[in-house]
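There are 4 protein chains.
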Amino acid sequence: MYTTETQIRIHYALTDQMGVVYHGHYAQFYEIGRTESIRQLGFTYKDIEAMGIIMPVIDIHSKFLRPAKYDDLITVKTTLRELPQHHRIIFHSEIYNEKDELLNVGDVTLYFMIANGMKRCDMPDVFREKLQGYFPV
Amino acid sequence: MYTTETQIRIHYALTDQMGVVYHGHYAQFYEIGRTESIRQLGFTYKDIEAMGIIMPVIDIHSKFLRPAKYDDLITVKTTLRELPQHHRIIFHSEIYNEKDELLNVGDVTLYFMIANGMKRCDMPDVFREKLQGYFPV
Amino acid sequence: MYTTETQIRIHYALTDQMGVVYHGHYAQFYEIGRTESIRQLGFTYKDIEAMGIIMPVIDIHSKFLRPAKYDDLITVKTTLRELPQHHRIIFHSEIYNEKDELLNVGDVTLYFMIANGMKRCDMPDVFREKLQGYFPV
Amino acid sequence: MYTTETQIRIHYALTDQMGVVYHGHYAQFYEIGRTESIRQLGFTYKDIEAMGIIMPVIDIHSKFLRPAKYDDLITVKTTLRELPQHHRIIFHSEIYNEKDELLNVGDVTLYFMIANGMKRCDMPDVFREKLQGYFPV
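Chains as they are written, first to last, in my numbering: chain Z, 1 to 137; chain X, 1 to 137; chain H, 1 to 137; chain V, 1 to 137.
It should be emphasised that the hints constitute simulated quantities derived from the structure, not laboratory data.
Predicted, not measured: the structure shown is a model, and the values here were computed from it.
Every residue gets a Cβ at the ideal spot worked out from N, C-alpha and C, and that includes glycine.
Be careful, since some hints might not be right.
[As the list claims (entries may be wrong)] Under 7 Å between C-beta atoms, here's a sample of chain V residues computed to sit facing chain Z:
#, residue
1, H11
2, Q28
3, E31
4, I32
5, K46
6, D47
[Said to hold, decoys possible] DEER-style ranges, computed between Cβ atoms:
#, chain 1, residue 1, chain 2, residue 2, range
7, H, E101, Z, T109, 26 to 32 Å
8, X, Q7, H, I90, 49 to 55 Å
9, X, V137, H, P56, 44 to 50 Å
[What the hints assert, rightly or not] Computed list of lysine to aspartate or glutamate pairs in EDC-like fashion (alpha-carbon distance at most 20 Å, straight line):
#, chain 1, residue 1, chain 2, residue 2
10, X, K63, Z, E101
11, Z, K69, Z, D47
12, H, K99, X, D47
13, Z, K69, Z, E49
14, Z, K63, Z, E94
15, X, K46, H, D71
Just chain Z, with the same shape it has in the complex:
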């Protein structure tokens, strides 16, 4: 299992007139979480794109338990529960507020694809090698 944490401060643009964060913005929090999760492995999603591989989102499932509010400093806890075998990777996200209350849970499935031609491909070696230590056989 590979888990990282990132913090995000909620700014005004993310709120709606219910006085809470608009539900549609959580996909961005998951994105920020997994980007930082990759960065902490020692390379970046930008590096992956520079290799000609992109990772489009294929599926998202979000559960909204409690609302995040303006100026909250939320923590996005991002977890890979399994080492990807082929072209598919699933990031699990949990979002907490400063009281450590669980606000939101999201599962985001992405594919590895060769940008030129949009064919599915395996996870890049650099990615697999960095992750392997977190998933002992």
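Once you've looked at the hints, dock chains X, H and V against the given chain Z.
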């Protein structure tokens, strides 16, 4: 079953550097679809809020089949497959491009809640009465 | 002078916790207004990009007079006051609500640039020809 | 003069298909900059709203010099050049990339207003007292 259709033109702000609509924006398309779906019943979600009832999103599940692109005129087909029994309502959305290709499928679950105190409540009568004809016993 | 009008329905995602449209979203309304303004000339901004020319925004000035609110059907009135001479084009936008109250005024300056190499260029001929009739000498 | 700096990492949602940050998102960067600028005085914009005072944006002027790109770590330098006298406050923002290139300049004018009734008011005392030391007579 109650089904309506709404069209949305994709503007630049919705695209990302993959050259397609950013995945996080589809939640807004579902929102626009269900808002227009309610409007076609003869009242509005704004009217519901004016009655002191809000409809927070509790759960979203999105599948991304094909990307929407800049300047596409997409059609959001919004369906209620069941008449809500209590505080829960599920809108099913299908998003098509101008070639009638299915791009995206989303299921959004919302609760009816009394804004003052945030307690769950039943679907407002005005809403139920308008819908009932679409769900013959 | 060349003027067109477009309508936009305000959805929830555009509101903030002040109960009005977040100020940062008006740039999108200007964008939608000028895109439709170009479309009504008989071609599209997408066509311009397909010709290898892009139109980055160089300057925006916005004045906020009254707030737009949830579910408002706003009208974006987009005007070219002068026929562009070289690489610069200025769109003037006025945004009105359904009571015909002026909510917002924006001036957006864009450049015509050759995407490949990012050099400034003149307005494409197709664009100039369509506009010329609106600017008699 | 009172100046602070904040850093923002550009995530994918902020890019558009030109491969740069969508121009309409800079208003959010100014917002984040001035919010952190207030926080560094020892209170928050949230505290101001809790006092019944809101600060709507009245005017924005943005100049776009160079684009911010995906994964850039931009620095928002936020400056108050004058101590506000009455109900008006102007934040000047400069945005730099990691090479210290100036990308964008923005001037945002806001009013202090009593939320209940929407009348203009003077800057709250707590705010003025914290700022005064930065503006010697």
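Verification of the supplied hints:
1. H11: 5 Å, holds
2. Q28: 5 Å, holds
3. E31: 6 Å, holds
4. I32: 5 Å, holds
5. K46: OK, holds: V:K46 within 7 Å of chain Z, min 4 Å.
6. D47: This interface hint is violated because 9 Å lies over the 7 Å limit.
7. H:E101 to Z:T109: 26 to 32 Å: For Z:T109 against H:E101, whose Cβ atoms are near 46 Å apart, the range 26 to 32 Å is violated.
8. X:Q7 to H:I90: 49 to 55 Å: Hint violated: Cβ distance 30 Å, outside 49 to 55 Å.
9. X:V137 to H:P56: 44 to 50 Å: The hinted range 44 to 50 Å is violated for X:V137 and H:P56, with Cβ atoms some 59 Å apart.
10. X:K63 to Z:E101: 28 Å, violated
11. Z:K69 to Z:D47: 33 Å, violated
12. H:K99 to X:D47: 19 Å, holds
13. Z:K69 to Z:E49: 33 Å, violated
14. Z:K63 to Z:E94: 10 Å, holds
15. X:K46 to H:D71: Roughly 7 Å separates the two Cα atoms, so the pair holds.
Checked against the numbered hints given earlier, this structure breaks hints 6, 7, 8, 9, 10, 11, 13; the rest are met.
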